[in-house]
Amino acid sequence: MKKGIKYLAILFVFILSMGSMMACGGNNNTGNETKAADDSITADNETGGDDAVYVDEWEIPILSAVTGNIAYVGKPAGWAAEYAAKMINEQGGINGVPIKVTVYDTQFDTAKAVTHMSSVVDDSLIVVGPMDAPGAESAGQVAFDAGVPNIASYSFADIRAQYSPFAIAYMTDSEEGDWLAAQEWLKINDDIESVVIFTCPTDTSQMATTELLKEMLPTIGVEVKGVVEVASGQLDCGPSAVQAINMKADGYISVLRADEYAKIVVELRNRGVEEGRRITASFSSYSVNTFEVAGDALDGTYIWNKMNPDYEGEEWQALVEAYQQDFDGESPVVNPVPDFYNALMAIKQCYEELGITGNPDKAEEEKQLIAEWLNNSPVIEGIQGEFQWVDGKKEAPVYFFQMEGNVPKAVTTE
Amino acid sequence: METFVAQIMNGLATGGIYALLVLGMNLLVLVRNIVHHSYSHIVMLSMAMGWLTLQKSNNNIILAIIVTLISGIVFTIITEPIFRPLSKRGAELETIVLAMGVGIIITEIMSQFINGGANLAYPSSMTGAGLQINIGLISFSLANILTLIGCVLAAVILMWFLFRTREGRAIRAMAQNLRVAKMLGIPYGKTGILGFGIAGLLAGVIAILCIMTLGTNTPSLGDTFAVKAIILMLFAGMGNLKGGLISALFMGLVEAMALAYLPGRWTEAVFYGVIMLVIIWKPQGLFGSQH
Amino acid sequence: MSTSMTYYLIFCGAFIILTWAAYIPFRSGLLYNGTVYCMAIGGYFAGFASKTLGLPFPVVIIGAMLVGALLGFIPALGFSRTSGVVTAVSSMALIFIIQSVIRNMDFIGGSRGLSGIPKVENLVIYTAIIVVITGIFVYRLDHSRIGRAFESIQTDPDMAKTLGINVKKMTILGLTISSVLGALSGALYAYNMRIIYPETFGFSLLLSVQTMLFVGGRYTQWGMLLSVPILWGLPGWIPKSMSNYAQIIYGIILILVLMLRPEGIITRELLNKIKKVITGKNKTVNVNQ
Numbered sequence: 001m002k003k004g005i006k007y008l009a010i011l012f013v014f015i016l017s018m019g020s021m022m023a024c025g026g027n028n029n030t031g032n033e034t035k036a037a038d039d040s041i042t043a044d045n046e047t048g049g050d051d052a053v054y055v056d057e058w059e060i061p062i063l064s065a066v067t068g069n070i071a072y073v074g075k076p077a078g079w080a081a082e083y084a085a086k087m088i089n090e091q092g093g094i095n096g097v098p099i100k101v102t103v104y105d106t107q108f109d110t111a112k113a114v115t116h117m118s119s120v121v122d123d124s125l126i127v128v129g130p131m132d133a134p135g136a137e138s139a140g141q142v143a144f145d146a147g148v149p150n151i152a153s154y155s156f157a158d159i160r161a162q163y164s165p166f167a168i169a170y171m172t173d174s175e176e177g178d179w180l181a182a183q184e185w186l187k188i189n190d191d192i193e194s195v196v197i198f199t200c201p202t203d204t205s206q207m208a209t210t211e212l213l214k215e216m217l218p219t220i221g222v223e224v225k226g227v228v229e230v231a232s233g234q235l236d237c238g239p240s241a242v243q244a245i246n247m248k249a250d251g252y253i254s255v256l257r258a259d260e261y262a263k264i265v266v267e268l269r270n271r272g273v274e275e276g277r278r279i280t281a282s283f284s285s286y287s288v289n290t291f292e293v294a295g296d297a298l299d300g301t302y303i304w305n306k307m308n309p310d311y312e313g314e315e316w317q318a319l320v321e322a323y324q325q326d327f328d329g330e331s332p333v334v335n336p337v338p339d340f341y342n343a344l345m346a347i348k349q350c351y352e353e354l355g356i357t358g359n360p361d362k363a364e365e366e367k368q369l370i371a372e373w374l375n376n377s378p379v380i381e382g383i384q385g386e387f388q389w390v391d392g393k394k395e396a397p398v399y400f401f402q403m404e405g406n407v408p409k410a411v412t413t414e
Numbered sequence: 001m002e003t004f005v006a007q008i009m010n011g012l013a014t015g016g017i018y019a020l021l022v023l024g025m026n027l028l029v030l031v032r033n034i035v036h037h038s039y040s041h042i043v044m045l046s047m048a049m050g051w052l053t054l055q056k057s058n059n060n061i062i063l064a065i066i067v068t069l070i071s072g073i074v075f076t077i078i079t080e081p082i083f084r085p086l087s088k089r090g091a092e093l094e095t096i097v098l099a100m101g102v103g104i105i106i107t108e109i110m111s112q113f114i115n116g117g118a119n120l121a122y123p124s125s126m127t128g129a130g131l132q133i134n135i136g137l138i139s140f141s142l143a144n145i146l147t148l149i150g151c152v153l154a155a156v157i158l159m160w161f162l163f164r165t166r167e168g169r170a171i172r173a174m175a176q177n178l179r180v181a182k183m184l185g186i187p188y189g190k191t192g193i194l195g196f197g198i199a200g201l202l203a204g205v206i207a208i209l210c211i212m213t214l215g216t217n218t219p220s221l222g223d224t225f226a227v228k229a230i231i232l233m234l235f236a237g238m239g240n241l242k243g244g245l246i247s248a249l250f251m252g253l254v255e256a257m258a259l260a261y262l263p264g265r266w267t268e269a270v271f272y273g274v275i276m277l278v279i280i281w282k283p284q285g286l287f288g289s290q291h
Numbered sequence: 001m002s003t004s005m006t007y008y009l010i011f012c013g014a015f016i017i018l019t020w021a022a023y024i025p026f027r028s029g030l031l032y033n034g035t036v037y038c039m040a041i042g043g044y045f046a047g048f049a050s051k052t053l054g055l056p057f058p059v060v061i062i063g064a065m066l067v068g069a070l071l072g073f074i075p076a077l078g079f080s081r082t083s084g085v086v087t088a089v090s091s092m093a094l095i096f097i098i099q100s101v102i103r104n105m106d107f108i109g110g111s112r113g114l115s116g117i118p119k120v121e122n123l124v125i126y127t128a129i130i131v132v133i134t135g136i137f138v139y140r141l142d143h144s145r146i147g148r149a150f151e152s153i154q155t156d157p158d159m160a161k162t163l164g165i166n167v168k169k170m171t172i173l174g175l176t177i178s179s180v181l182g183a184l185s186g187a188l189y190a191y192n193m194r195i196i197y198p199e200t201f202g203f204s205l206l207l208s209v210q211t212m213l214f215v216g217g218r219y220t221q222w223g224m225l226l227s228v229p230i231l232w233g234l235p236g237w238i239p240k241s242m243s244n245y246a247q248i249i250y251g252i253i254l255i256l257v258l259m260l261r262p263e264g265i266i267t268r269e270l271l272n273k274i275k276k277v278i279t280g281k282n283k284t285v286n287v288n289q
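Residue numbers (the working numbering), protein chains in the order written: chain E, 1 to 414; chain G, 1 to 291; chain W, 1 to 289.
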């Protein structure tokens, strides 16, 4: 009998804890359905249907890595979404109803991404983010299971296929961009006939790019002499630079992120690579980190980006000004800023063209409609020019720059 | 051959920094029986303080150096009361976990409040980037030379202090047998603070050397250094000052060689694999622990 | 049950088992950091076995535990000779090594992560059952001769030896059991996430486990039932304005507990008081329970 009591006690405590968890953790799901209870009949939407907008506020959750290692990308991304929401509301909202975005911090952790996604899927018509590949891939599973369209970091075709049609890439595929940039670079510097590629072995995106480049470069007559691996967070990049120089190539392609690239470029220049034009870098190293740290070692080198910080457009310049106010005079240079902004504008266009009502009874139907519209979208006028989604893949221009000192200047656009 | 020499130079420079870190941590082990995992984070925070000074004072290098040194001392001493309850209980094991907690807080403070988490760049006048000796592949900067000299100097001075001065002997006595030391009238509190203060000063010095060698500071730097430093300390033997120096330098070389000749993905595995095997083979550390 | 609650409970279950995995070596005084290493092994095995080999859930779970035992036994042999701080720090190395190895093994996804792990319906229920079974197991272990042996090793290793306890064998046993639990936790985690990356099984996870162990109550197995849900759900309970400081609060909680209430929130005395209230009997705290 004593043993029985012991077991009972165990079970009892366990159930108690489960119970308290349920009580405490259940708060996330309240409020959304009740808000829509009072039918606010707003102005009829343009498609002239008889469904009026059911909700009095559109709620769009945004998942971003606001803190953590890539906070310098995640925080501006969250900001851009909130700014876009503000702009949309100033122009009257979507179908006359204001929108509200809530930024959830995934802390660059896949389990947290999944947790946040799971707390929003039940009540959302669409989710934006996470903006990092591992986060998007993990959280995407939850979105797919719940049939919720998700505009996030889906830059790999196989993942898009797995979660189709609910996976919509918020930015263009990186490997393609790297390949386009490499071609442009080689066109300008046509005396370069062999290259060394710098990559980080633990970064999936970089490895995919490296594979692509190794496959494609020989087809335009350029030999890949070797691949030098630089570990993430590597302190001393001297040995890597020496390794690369010893391969005796004409040029160097880096697909590394900011921290590592800054060090590599300094080491390469110190150890004998005198012409900056022989070095080209990737969009992920396009950041204040690189420019400040590497300084003048960048002079003459090339770099590409998925966005153009100096884009001459009214909407963009207004965003830049607002950004500078909130970020101590800094200008936005990371691509999630225009891309998240564009995502929200696309959502607005989508909702308006489809006549989305937000009626919970029609939720399944509407989510499917939204997903399909976004997956193969019409050409959309974004904040930096036109873009379009084809099968969830984003088609948009990329921009190529050459550094003067440590300031990038646009070279060509394609 | 040129490559080989170049790689050795690289290895010595980073090895030197590891060596100093291990030295500082060994000192704290001796003084208070603490495995101060967040020592490296304090170094990083001092570097950040130096950067802030540079920003505010328009690149006044002397001022930045002074502030960095003082920050090192201040931050280290601040952590003393946090560890005191654990020291009193003789709970060595928990100090690691506690120090990890402190490390998290420091890293977060850096990410949130200092430059919004972006990397900190230091002007080239401080990093000695301008004064480089480039012989083909070999790049040896003033910073590297100073770091090596700094390491040797710091080690020598610390040794002199611990073995020749009264306070130093007091610290070592406390490490060997706390009860007897107290009976002999050695003040527990004051000596502890002295030990922390010296470790703090060393932290400030390391911070300056790091600025010169690395040229940048990132919030995750603390974690990178902390893990390596703590493992290196064990590798040589906890509390063993001379052993710590030599093995840290050696592992710096090993790391550079691995970086140079193996694909990047194996560097870490090699580094930690070697160390783990040695520790299992000789649990007291390569040179034996000294307390 | 809502999606969010399902995920939350399964994560909690996995982490409770992981913390128990850390708890067992700690009973004999070892701060073993290889629990995350075992979790990685369990997780990747589960992912690989269910996705590529197509094995059903129960087989995979048992398989993961066996693989965990095997691959945890080998380092355990090495660690039986070390103690205290040395074990703690050098087992950290295991984490880095396994991460490196996984990244280089492309057939389990390498850095790209292992995706497409099949879904298990009603994973919540299975997790709950597994947690309860594991809990009973840990409880029986604690109160058995082996458990008492662990405790005496922690209190005084030399005296334990004189009492006829083979310290080395006990240590290896403890570490192996820990590996089994760690692998189990990893398997549950993998089934929940459906996609795992080597980065997950790193230092920050290690620190989370230690925090959950120390904050919950390191001398009893009940503490984690409290600390895991609270710490895992922490970001959800902090007011929005402070969400950026979640990590700092985490660190502060850890420091405060270690400084002020070192045994953790749930201590043996507290448990005894509760037991007195429930059973109305007197239980004295000594080694020979």
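There could be a bad hint or two in this list.
[Unchecked claim] Straight-line C-alpha distance at most 30 Å; calculated BS3-like pairs for lysine-lysine:
(1) Lys409/E x Lys100/E
(2) Lys161/W x Lys88/G
(3) Lys362/E x Lys248/E
(4) Lys119/W x Lys362/E
(5) Lys348/E x Lys362/E
(6) Lys88/G x Lys182/G
(7) Lys51/W x Lys282/G
(8) Lys88/G x Lys51/W
(9) Lys187/E x Lys214/E
(10) Lys348/E x Lys86/E
(11) Lys161/W x Lys51/W
(12) Lys393/E x Lys161/W
(13) Lys225/E x Lys248/E
(14) Lys187/E x Lys362/E
(15) Lys187/E x Lys348/E
(16) Lys119/W x Lys393/E
(17) Lys362/E x Lys409/E
(18) Lys86/E x Lys214/E
(19) Lys362/E x Lys214/E
(20) Lys393/E x Lys187/E
(21) Lys273/W x Lys282/G
(22) Lys56/G x Lys88/G
(23) Lys242/G x Lys190/G
(24) Lys282/G x Lys168/W
Bear in mind the hints are in silico, worked out from the structure with no lab data behind them.
For the pair supplied as a hint, Lys119/W and Lys362/E, confirm whether the alpha-carbon distance does not exceed 30 Å. holds (27 Å)
Holds or violated: Lys282/G to Lys168/W, with C-alpha atoms at most 30 Å apart: holds (16 Å)
Hint consistency between Lys225/E and Lys248/E [alpha-carbon to alpha-carbon, up to 30 Å]: It holds: about 8 Å lies between the C-alpha atoms, which stays within 30 Å.
Is the Cα-Cα distance between Lys393/E and Lys187/E 30 Å or less? holds (27 Å)
30 Å Cα cutoff - pair Lys161/W, Lys88/G: holds (27 Å)
Take the C-alpha atoms of Lys362/E and Lys409/E, compute the straight-line distance between them, and say whether it is at most 30 Å. Judged against 30 Å, a Cα distance of about 49 Å means the pair is violated.
For Lys86/E and Lys214/E, compute the direct alpha-carbon distance and say whether it is at most 30 Å. Not satisfied, since the Cα-Cα distance of roughly 44 Å exceeds 30 Å.
Taking 30 Å as the top limit, are the C-alpha atoms of Lys273/W and Lys282/G close enough? Violated. Lys273/W to Lys282/G sits at ~45 Å, over the 30 Å cutoff.
Just to be careful, I want the Cα atoms of Lys51/W and Lys282/G compared with a cutoff of 30 Å; is the pair within it? violated (41 Å)
Straight-line alpha-carbon gap Lys119/W to Lys393/E, limit 30 Å: holds (26 Å)
Assess, step by step, whether the Cα of Lys362/E is no farther than 30 Å from the Cα of Lys248/E, and give holds or violated. violated (63 Å)
Please verify whether Lys187/E and Lys348/E have alpha carbons no more than 30 Å apart. violated (40 Å)
Hint compliance for this structure: hints 1, 3, 7, 8, 11, 12, 14, 15, 17, 18, 19, 21 and 22 are broken, all remaining hints hold.
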